[in-house]
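Q: Each chain, letter by letter, is given below.
Protein chains: 2
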Amino acid sequence: MRTYLDCIPCFFKQALEAVRITKVGENLQKKVLDELAKAVSKFPLTSSPPEMGKIIYGLVRKITQQQDPYAEIKKRSNKLALGIYSKLKRKVSHAQDRLLMAVELAIAGNIIDYGVNSFSHRKEEAGVKVGGSLDIEAELTRILNQESKLVKRENERIFNYSQFKVELKNANHILYLADNAGETVFDRILLEEIKRVEQDKKITYAVRGGPIINDALLEDAYECGIDQLAEVISSGSDAPGTILSLCSQEFLKIYKKADMIISKGQGNFEAMSHLSRPVFFLFMAKCPVVAKDVSTICKLPIDKGCKVGDIILLYHGGK
Amino acid sequence: MRTYLDCIPCFFKQALEAVRITKVGENLQKKVLDELAKAVSKFPLTSSPPEMGKIIYGLVRKITQQQDPYAEIKKRSNKLALGIYSKLKRKVSHAQDRLLMAVELAIAGNIIDYGVNSFSHRKEEAGVKVGGSLDIEAELTRILNQESKLVKRENERIFNYSQFKVELKNANHILYLADNAGETVFDRILLEEIKRVEQDKKITYAVRGGPIINDALLEDAYECGIDQLAEVISSGSDAPGTILSLCSQEFLKIYKKADMIISKGQGNFEAMSHLSRPVFFLFMAKCPVVAKDVSTICKLPIDKGCKVGDIILLYHGGK
Numbered sequence: 001m002r003t004y005l006d007c008i009p010c011f012f013k014q015a016l017e018a019v020r021i022t023k024v025g026e027n028l029q030k031k032v033l034d035e036l037a038k039a040v041s042k043f044p045l046t047s048s049p050p051e052m053g054k055i056i057y058g059l060v061r062k063i064t065q066q067q068d069p070y071a072e073i074k075k076r077s078n079k080l081a082l083g084i085y086s087k088l089k090r091k092v093s094h095a096q097d098r099l100l101m102a103v104e105l106a107i108a109g110n111i112i113d114y115g116v117n118s119f120s121h122r123k124e125e126a127g128v129k130v131g132g133s134l135d136i137e138a139e140l141t142r143i144l145n146q147e148s149k150l151v152k153r154e155n156e157r158i159f160n161y162s163q164f165k166v167e168l169k170n171a172n173h174i175l176y177l178a179d180n181a182g183e184t185v186f187d188r189i190l191l192e193e194i195k196r197v198e199q200d201k202k203i204t205y206a207v208r209g210g211p212i213i214n215d216a217l218l219e220d221a222y223e224c225g226i227d228q229l230a231e232v233i234s235s236g237s238d239a240p241g242t243i244l245s246l247c248s249q250e251f252l253k254i255y256k257k258a259d260m261i262i263s264k265g266q267g268n269f270e271a272m273s274h275l276s277r278p279v280f281f282l283f284m285a286k287c288p289v290v291a292k293d294v295s296t297i298c299k300l301p302i303d304k305g306c307k308v309g310d311i312i313l314l315y316h317g318g319k
Numbered sequence: 001m002r003t004y005l006d007c008i009p010c011f012f013k014q015a016l017e018a019v020r021i022t023k024v025g026e027n028l029q030k031k032v033l034d035e036l037a038k039a040v041s042k043f044p045l046t047s048s049p050p051e052m053g054k055i056i057y058g059l060v061r062k063i064t065q066q067q068d069p070y071a072e073i074k075k076r077s078n079k080l081a082l083g084i085y086s087k088l089k090r091k092v093s094h095a096q097d098r099l100l101m102a103v104e105l106a107i108a109g110n111i112i113d114y115g116v117n118s119f120s121h122r123k124e125e126a127g128v129k130v131g132g133s134l135d136i137e138a139e140l141t142r143i144l145n146q147e148s149k150l151v152k153r154e155n156e157r158i159f160n161y162s163q164f165k166v167e168l169k170n171a172n173h174i175l176y177l178a179d180n181a182g183e184t185v186f187d188r189i190l191l192e193e194i195k196r197v198e199q200d201k202k203i204t205y206a207v208r209g210g211p212i213i214n215d216a217l218l219e220d221a222y223e224c225g226i227d228q229l230a231e232v233i234s235s236g237s238d239a240p241g242t243i244l245s246l247c248s249q250e251f252l253k254i255y256k257k258a259d260m261i262i263s264k265g266q267g268n269f270e271a272m273s274h275l276s277r278p279v280f281f282l283f284m285a286k287c288p289v290v291a292k293d294v295s296t297i298c299k300l301p302i303d304k305g306c307k308v309g310d311i312i313l314l315y316h317g318g319k
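If you read the protein sequences in the order shown, they are chains X and Y. Numbered per this note's numbering, the first sequence spans residues 1 to 319. Numbered per this note's numbering, the second sequence spans residues 1 to 319.
Think of the hints as simulated: they come from the structure by calculation, not from any bench. Accuracy of the hints is not assured; some may be wrong.
Claimed, not checked - Straight-line distance between alpha carbons at most 30 angstroms, and here's what the computed DSBU-like set of lysine-lysine pairs gives:
| hint | chain 1 | residue 1 | chain 2 | residue 2 |
| --- | --- | --- | --- | --- |
| 1 | X | Lys286 | Y | Lys62 |
| 2 | Y | Lys256 | X | Lys42 |
| 3 | X | Lys23 | Y | Lys38 |
| 4 | X | Lys54 | X | Lys79 |
| 5 | Y | Lys62 | X | Lys13 |
Everything numeric in this text was worked out from a predicted model, so none of it was measured.
All chains, please: the whole structure from these sequences, using the hints.
A: The structure is reproduced here in structure tokens:
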């Protein structure tokens, strides 16, 4: 996906949010925004938003001298998601269509990111310490309640489950692109379900190559037990979306070899929606720009278009 | 009010909204954002947001070569507000406390601005032409329904009506600072009510000195019949808030002489909240930054603080 002008105000919002997580003073916060202002005017709109994401979080790291400001948030997300692992498993084992439930939970897990962000906004406004465990618990409960509605999803164009089942059956090597820490536990639920039905599939689970926002790293994949189910690798890039030109040769080899790609999160969608590979994008639309882009891709009429908060399983059928 | 870092993403959002009203292509839209990026890094946070507003809309004018992109919106706002003038008058004449109702309507009229903005967002998302008359009608109806709830307002700190009555009685010369076109009709309702009770008061109604967003100009005041009730002048400045250092000598003379100032709109609050003059700020809090600033000024506890959407009648008692 290209960068739209509407993304520009959002870049500044994201930068401010990230630099505030580091708890530095207002002068350094302003410095990040000033440097971002310089970067924005040179940034081509043909690039995808995660390319700017990489620049933003690079600035935050450089200016605050903090390499991984989201480290604590990521640890807490993993811990809390692991805490409801058995609950998630029960959901799947009691479901009429176990795979569908596992897919929906994997997408619902993507809301953790959204939750973390909107919590920090809301709580900052209320002057409360950001990211208390109680709120993430509440958010997870909300996810569990929400997914039951998803079963009734009728819009095949943005939730292409039947195609997903077909491709899953035919695939030999699945490349699974991770998104956030904590969400990794929800990914594990889906991977376990895939492995239960299709024991012989080779699965590679790719995380980011370095700290970026609350995106999962190798340690998060191990912590959540992904290595018991898949080969865990890094993309070799610390962009908040899989930008191929920045990925390692090791990753690209697997990317080309895999015959099914499961891509989690909006960042990976933004970075890869133009590529010609058989990708399933599993994510929640978190902003109107992406929702509109999905509507355009799916040729949806305006009144039935994708909306912010929609749960998406979008098939990109290139070879 | 100083500029907070949270205002910076919002500056870009406002700039994008304004330049899109002009209907120029994406290249010129991007140029406005790029120029704004340069201006932002030089902008001192001690300045008030309307000072940046002046820069933003100056850039839009310079780059698009359109002097008054909101001209049509302003005309339509006046027309629609005049269309419900009799309805508003009936509201006042049937009210138990006529002045209170007129004050509440004058503040409610400030929502027109909010309406125009949020319409354009919502409608753009849906791909519909911005600012259809039907929507503004709906917004006005919403205002008329909303004001009935305001009567029960209990928070004296952000709605200081009793002080307003006292100062109104004692004042000889009232300076009324206008905000948006259309809202001027609601101002007329309040001015008529003041004149009905206090015939001898001298009232000066000040509008902006040049086109800025949808703010009222001399022509809007005349169109809405304000000149029948008050002396109509311009502030001499086209900033979207009364920044004294930019106002004309004529305006400043009246500003110093007036013994009561009624200031409409968030922009005037942002520009004047630090001044030592007896001002009543009548506006709706349209962003969390301003809501928080009001809470701080009023020393409100966090859980009972001012929220976005709150209707405010704030007295600033300096001499």
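Q: All hints are to be evaluated individually against the structure, with a verdict given for each.
A: Against the structure, the hints:
Restraint check for Lys286/X and Lys62/Y: the C-alpha separation of about 34 angstroms exceeds 30 angstroms, so the hint is violated. Proximity of Lys256/Y to Lys42/X is assessed by CA-CA distance (about 47 angstroms); at most 30 angstroms being required, the pair is judged violated. Distance restraint check for Lys23/X and Lys38/Y: the Cα-Cα separation of roughly 26 angstroms lies within the 30 angstroms cut-off, and the hinted pair is therefore satisfied. Restraint check for Lys54/X and Lys79/X: the C-alpha separation of about 26 angstroms stays at or below 30 angstroms, so the hint holds.
Only pairs whose Cα atoms come within 30 angstroms are accepted, and Lys62/Y paired with Lys13/X is accepted, the gap being roughly 27 angstroms.
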